[in-house]
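Engineer: Sequence:
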Amino acid sequence: MINFTTNSPTEYTAVFVPAEQSVTTGMVAVAAGSFSDSAGNVNSDGASVSMRIDTVDRTAPTVTISTNTQQLGVGQTATVTFTLSDASSDFTAEDVTVSGGELSNFEGSGTSYTATFTPTANSTTDGVVSVAADSFTDAAGNKNTGVESITYSVNTIPPDTTAPTIEITTSDDSLIAGETAGINFTLSEAATDFAVGDVNASGGALSDFAGTGAAYTATFTPAANSTADGVISVAAEAFTDAAGNASSAGSVTMTVDTAAPTITITSDDTSLTFGETAEISFNLSEASTDFALEDVTASGGALSNFAGTGASYTATFTPTRNSSADGVISVAAGAFTDSVGHASAVEVSVAMAVDTWPPAPSPIPAPSPSPAPSPSPAPIPVQTPTPLPEFKYELWNNYLYVYEGSTEIPSDGRFKYKNIFNISLPDSLISIGDSAFEGNQLTNALIPSSVISIGDNAFKYNDLSEIRIPENVISIGDQAFYWNNLEQAFISDSVVSIGNSAFEGNSLIAITLPNSVRSIGHSAFKGNDLTEIDLPSSVTFVGMGAFEGGELKKLAIPGSMEIVDNYAFYKSGLDKVTIPDSISSIGIGSFAGNHLKEVVIPDSISTIGEIDSSDKWNELAQFFIPDTWMSMGAFAHNLITSLDIPDSVVSIGDYTFYGNNLKEVDIPSSVLAIGNSAFESNELLRLAIPESVINIGDYAFAENSLIEVSIPNSVVSIGDNAFVGNGLTRVVIPDSTLSIGDNAFKGNPIASVELPYHHKDDIPYSAFPEGASFSIRQTTTLPGPIAKNYVSAAPPIREDEIYSGKIFGDIYSELVKYKGYPDSEFDASSFLLKTVSLGESEALLTAEQAGISFSADGLVTIDTRGAPYQSLNEGEVIDVVVGFIVTDSFNRSDEGSITFRVQGRADEVVNPTGSQNEFGFTGNDQISIGSFQSRDVLIGDINGSGQHEVSDAIMVLRHIVGLEDRLAEFPGVDPITLMDVDGNGQVGVSDAITILRAIVGLHELVSSVQV
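Counted from 1, the sequence shown has number 851 at position 858 by the working numbering; the numbering is strictly sequential.
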């Protein structure tokens, strides 16, 4: 009840409000006793009224969906508003259905709600937001009816600005003649304007172009007779995609070889006479693996010594004897193929004029008509014998018969080139002279057992296939059987010497040398096919190239040999060699050009000769170096990866380890010199050069992989290209280095170079790469050995003499070279004399007391007439050591000493001139001595000390590189005579090595000269 109102004392009104959502009958009642009248009487009964009630809500709620936009693009969203007709407490985001995007940020209450709609990326599908029927209820529990939705137009695909790409591939990237390649063009996007005109082809032609959309194909045919690459390319912007974007470029490259190989043939001699051969060169335009001797046709002669690989081959052409037919070397078309199988297309040949007829024979008496002589030694009375003392013969129809009683075939060449086919020699024959049967057509020769010597060229240029040297022959002359066709040779055990080239140019496979043979001459068996040789224990000498061209495989050098001569076993096909302890020296290239994989070098060997870089050595991977070695050489072109150099080695010769695989090397402190190309073309990474090394030769460490090198303060000279082609980034040149050769450090990525002060005005730019920066090193102490202990090169000064020499001038000149000391600023004040010691005495004298003084130009005078020297006995020698301090114009100083030697003599009467002083003479006056005694000076005693010392060897080495002119002065003796200790007429590293060997007792030097 609401709004109860009193209208009058007896009338009242009110509003009855039925209950919500109710169907319960409504009733209004007043109970008895509820009110009273004015007299106080309460009502005695009640009253009521009833009303039918129906207040239930049966109307379904609705929802309306609205948005701020219905067009959505890339990066855009829409605000969605949901408005309900009746408040709801159960309307949530789950009641909303979304497609083509997603809903977020849902919020609200009652009748109003909002959310954010984000469309799906890269999509053109409409976005739809909807609320289904029965999704929510109102307060009365009525569910919503109907479906309410809103639709968005969506395009969230970004604009296409990417250029389409093209990939071009080939079915064959290496084409030869007759082949084609399938070309595929794959586009990243479909195109409607890609056509064959968009494709560029070089090195061939394109055909059969086809395809649509993003895939196309074509066929590439390479150009004929060409080696130019085939290239298929599509330029940028050649076609477009659906969005109009222009394409990027693409290409593919194919190697092409459709060219037939060619060959050129040349000869080093186009006109051949008897005894001559020609070197034939075959140069192919491309490498071939099947070009062989069988592919070559030779007429007018024969081809031999065929060799070569790849595109270069050589052979030797020997013309037919007694012929004037041209020699022709030819290779037919199709004879060989290149690496891809193309056959040679053109026949090629070279011709040589040939005249191998021997000189016309001297006239001989016409033969009688009697039958031709029998080959038996019986006299054949068909011709009057030639009347020569003890020599009778007949020559008829190319047959020579020598009568019994003849003891010598003379060396007058009477049978030389006479076209003789057969000979018969008597048992009385003792010697076969020089060129006795040279240049004939002998196919066999029976040498009588009476013969003891076979002269030079005796059977040269014949056709002998077998020879037996009888048992009394002692010597076989030079070229005695040169250039025959010998397949067998039997040498008797009387033969002592086999001459130079005695059996050269034959076809011997094996030879047995008797135990009598002592000497095998140069090239004695060169150019044969020897597969084995057993050197007897009698052999003491094997000459240069004695077995060159053979395939000996293995060799045992007999203990009777003491040296292996230069190139003795050069190119002999050796796989293994045994060297006995008797060998003391191995010459230059003695085993070069073989196949040695290992070698044991005995301790007895002190030297191995150097070798030129062009001589292939062997296949050595490692070897042991005896500690008796003084110098090294001849290990170029091997496979050596590591080695241990003993500290007996003082010199590493030219090309010693050229072209190996060395990755590290430890050079001992005994080494004084490193020769030209000694370690060139290896794999060295780091290098520490010992402080003993004075000279580094040209190309010594060129073409390695050096990233670090330490050059000591002993190195005087660095040769041209010494470190070219490495990986050095910084170089420090020591104070001792005077000379740096051209390009010494070129080909390195050097950023900085530190130079000693004496290079400040003469920076060696030519030695270093462009772009390197240079700094000059300042020092306060004079470096280098010159100012330390200078031993005078003069012979001992005799007692009671005055000696003058520019000793300090010499020291100063070295300082100028080493440290850049300015000549114009030198004076006597640069040197300050200190105390002087004499011999074993501990007493120290002043320079004045010792009679020593010097002038401003460096002239030192030592006067031995004073009292300190008068106690010396005849022949007694003492050292006079003068201490000094030297200071340059930059106030850099160092202390050192000069050592003189003074020799006592017997007292003699002298006649001085000038006034006397406290010693009886004027200090600067000259005196005349009554007599001098001659004496012997040792060869090799360069500094005049009276014995061999290391300093003598160093002075020789310094002389070689132009740094030593302070040699001992002996009257009437050329200093070079003293240095040439090996007596070969010139001064070389070997002289220094010989002196060092003498010092350590490995060599005896006793020769002397008298002065």
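Simulated from the structure, these hints should not be mistaken for laboratory data. A virtual CB, placed ideally from N, CA and C, is assigned to each residue, including glycine. Be aware that one or more of the hints could be misleading.
[What the hints assert, rightly or not] The calculated SDA-like cross-link candidates involving lysine to any residue, where the alpha carbons are at most 20 Å apart (straight line), are:
| # | residue 1 | residue 2 |
| --- | --- | --- |
| 1 | Lys656 | Thr634 |
| 2 | Lys136 | Thr212 |
| 3 | Lys656 | Gly580 |
| 4 | Lys547 | Asp527 |
| 5 | Lys656 | Leu636 |
| 6 | Lys136 | Asp83 |
[Stated by the list, open to error] Computed beta-carbon distance windows for the label pairs:
| # | residue 1 | residue 2 | range |
| --- | --- | --- | --- |
| 7 | Ser305 | Asp568 | 21 to 27 Å |
| 8 | Arg679 | Asp574 | 35 to 41 Å |
| 9 | Thr6 | Ala126 | 45 to 51 Å |
Engineer: The structure should be examined with respect to each hint, and the outcome stated for every one.
Structural biologist: Structure-based check of all given hints:
Straight-line distance between C-alpha atoms of Lys656 and Thr634 comes to about 6 Å, which keeps the hinted pair within the 20 Å bound. Between Lys136 and Thr212, the direct Cα distance comes to roughly 74 Å. Violation of the 20 Å bound is thereby established for this hinted pair. A C-alpha spacing of about 27 Å is found between Lys656 and Gly580, which places the hinted pair above 20 Å, so the restraint is violated. At roughly 9 Å between alpha-carbon atoms, Lys547 and Asp527 fall within 20 Å of each other, so this suggested pair holds.
Among the hinted pairs, Lys656 with Leu636 is consistent with the structure: their alpha-carbon atoms are about 10 Å apart, no more than 20 Å. For the hint pairing Lys136 with Asp83, the CA-to-CA distance comes to about 10 Å; that is within 20 Å, so the pair holds. Between Ser305 and Asp568 the beta carbon distance is about 26 Å. The supplied range of 21 to 27 Å therefore holds. Range check, Arg679 to Asp574: Cβ separation about 37 Å, and the 35 to 41 Å hint holds.
Checking the proposed 45 to 51 Å range against Thr6 and Ala126 shows it holds: the Cβ atoms sit about 46 Å from each other.
Of the numbered hints stated above, those contradicted by the structure are hints 2 and 3, listed in ascending order.
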